[in-house]
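Place chain B on chain A using the hints.
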Amino acid sequence: MKILYQIAIIFGLCLLGEIMSALLSFPFPSAISAMILLSIALFSGILKIDHIKEKSDFLLSNMAFFFIPAGVKVIEHFDLIASFWWQFIVIAIASTIVVFLVTAATVTLLIKVEERGKRQ
Amino acid sequence: MKEAVFSSPFFGITISIVAYSIGVWINKKTKLAILNPLLISYLIIIPALIILEIPLEWYERGGDIINMFLSPATAVLAITIYRQREILRKHILSVLGGTIAGSITSLAVVYLMCRMFILPDEITASMLPKSITTPMAIAVSESIGGIEAVTVLAVIITGISGNILSPILIRIFKVKNEIAQGMAIGASSHAVGTSKAIELGEVQGALSSIALVMSGIVTVILSLILFI
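Quick note, the sequences are listed as chains A and B, same order. Count the first sequence with the numbering used here and you get residues 627 to 746, in order. Count the second sequence with the numbering used here and you get residues 271 to 498, in order.
Next comes chain A alone, as it looks inside the complex (with noise of 0.2 Å):
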């Protein structure tokens, strides 16, 4: 019964989310919506990490697999993306390098100018 209860906790805040989203003016994420719910749930003590655990780790410790319906359906697009699929892979792979590299980089940074507020 358990993994039932915390299946329907977490279900249920993805529905609250889906109803948030759908009162929002402009396009908002209901998956978002549902995340903001919980943080607040979680932060306010209306909710315990134990009353959902089973379920979220499982959910966050398959999260790539839940990836692969939306990625197969990429067939259905391949006419459109031959003609320049190898500039799309260099955007989409460059861009990643080079996001990694100024987070890394600004957060590194940060911490530095953190740490030195702290000492002061």
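Please keep in mind that the hints were generated in silico from the structure rather than gathered at the bench. Yeah, the Cβ is synthetic: ideal placement off N, Cα and C, and Gly gets one too. One should not assume that every hint holds.
The following label-pair restraints were derived from C-beta to C-beta distances [claimed, not checked]:
(1) A/Lys628 x B/Phe280: 33 to 39 Å
(2) B/Lys301 x A/Lys679: 26 to 32 Å
(3) B/Ile321 x A/Met646: 39 to 45 Å
(4) B/Ile296 x A/Glu741: 41 to 47 Å
(5) A/Lys679 x B/Gly415: 37 to 43 Å
Only chain B this time, still in chain A's reference frame:
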């Protein structure tokens, strides 16, 4: 007979789990980052559907059920953030600064490269939100005139390349700080990268989750301001 077997939702779910398990197994045996479980899953499923002439709709009867878990899987990232709330509080400046720098860089680099290669506008619009998590990227892509499946493809290539390259970039550029590692992974390669960050350690996993959520929000706001 063929339809009875392959149009059942059990087919889509089973082939996905089998392909992913083979992917995980090969990845563990070879310890090669390029043999990513997600990538191997595609290399098994897509050719299988094409060779056996199975329509995508049949696969999707099961695929849609797996897809349904994307939203709960994104939502429970809140837990990893909650577990690391002390670090978040302590490093709020780094977290905010890193996310904003990462999001602006992503939009700028993608936009400039798409212009450089003279790609059509709809492809540029589809690629702009590529660094953020699938559900958010789709929302941005739709609102700025992109194509959903092209966005999904860009997001997945980004995620897999982040998942593969992050440990290598950490080594080459000597990114020693665990907070910087996590932030960089989450900002550059969303949830697929985050699954690698979780493997690197609890701190990296949490910061990567924080970065993926925050970058998502910042990118949504920036692209609504800049491209509409």
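**Message:** If you test the structure against every hint from before, which numbers come out violated?
**Reply:** As far as the earlier hints go, only 1 is violated by this structure.
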